[in-house]
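J.: Sequence:
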Amino acid sequence: MIRKTLALCVREYWVRFAVAIVLLLLTGMSSGLTIAAVIPLILSLDALPIEGSSSVDVVFRRLFSAVGIEMTFLNIMFVMLGIVLVRAVMMILLSVVMKSIELDIERDKKQHLFNALLRTQLSYLYRCNF
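FYI, in the working numbering the residues of the sequence shown are -6 to 123.
Note that these hints are calculated values from the structure, not bench results.
Take the hints with a grain of salt, since some may be wrong.
Claimed, not checked - Each computed EDC-like pair below joins lysine to aspartate or glutamate, with the alpha-carbon atoms no more than 20 Å apart: (1) Lys(-3) <-> Glu99; (2) Lys103 <-> Glu5; (3) Lys92 <-> Glu5.
As the list claims (entries may be wrong) - Here are the simulated distance ranges between beta carbons: (4) Val3 <-> Ile85: 37 to 43 Å; (5) Trp7 <-> His105: 31 to 37 Å; (6) Thr65 <-> Gly25: 19 to 25 Å; (7) Asn108 <-> Trp7: 53 to 59 Å; (8) Val8 <-> Ala81: 21 to 27 Å; (9) Ser116 <-> Ala81: 37 to 43 Å.
Here the structure is a predicted model, which means the values were calculated and not measured.
Don't be surprised by glycine CBs; every beta carbon is placed ideally from N, CA and C.
Throw the hints in and build the complete structure from the sequences for me.
T.: Pasting the structure below:
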């Protein structure tokens, strides 16, 4: 059943299916990025510099220097808020795409069932006066 549904999604709705997969990947990556942004946030609260800074901290420092923003607690919070907002929009888009695929599959299956019911021979029902 899962294989048939997956084959139907790939065959009939491949564009929306691909968009859903890309949105799933981007949502997962943004979730990881939000968690990774906590490290520079905690380091910005500490008054003493830490000697062995992590690779996440280095990446965020390069990102902030490339944009030309000072790496303060408030700026890191704004970046985290932006990541969370972008992630929320991606989750909404993902749910819309998945629901549209689901509704189209349901509509197609109901249409197929209705057409099959219209083509059936109802001789048994006629004999029973139903």
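J.: Against each hint, give a clear statement of whether it holds in the structure.
T.: The hints, checked one at a time:
Between Lys(-3) and Glu99 the CA atoms are separated by roughly 14 Å; this keeps the pair inside 20 Å, and the hint holds. Taken as a hint, the Lys103 and Glu5 pair is honoured in the structure, with Cα atoms around 16 Å apart against an allowance of 20 Å. Under the criterion of a C-alpha separation no larger than 20 Å, the hint pairing Lys92 with Glu5 is consistent with the structure, at around 15 Å. Between Val3 and Ile85 the beta carbons are some 24 Å apart, a value that contradicts the proposed interval 37 to 43 Å.
Taking the beta carbon of each, Trp7 and His105 are about 20 Å apart, not inside 31 to 37 Å as hinted. Here the CB-CB span from Thr65 to Gly25 is close to 23 Å, well matched to the stated 19 to 25 Å. For the hinted restraint 53 to 59 Å between Asn108 and Trp7, the CB-CB distance of approximately 24 Å leaves it violated. Between Val8 and Ala81 the CB atoms are about 23 Å apart, so this pair conforms to the stated range of 21 to 27 Å.
Ser116 and Ala81 have their C-beta atoms about 57 Å apart, which leaves the hinted 37 to 43 Å range violated.
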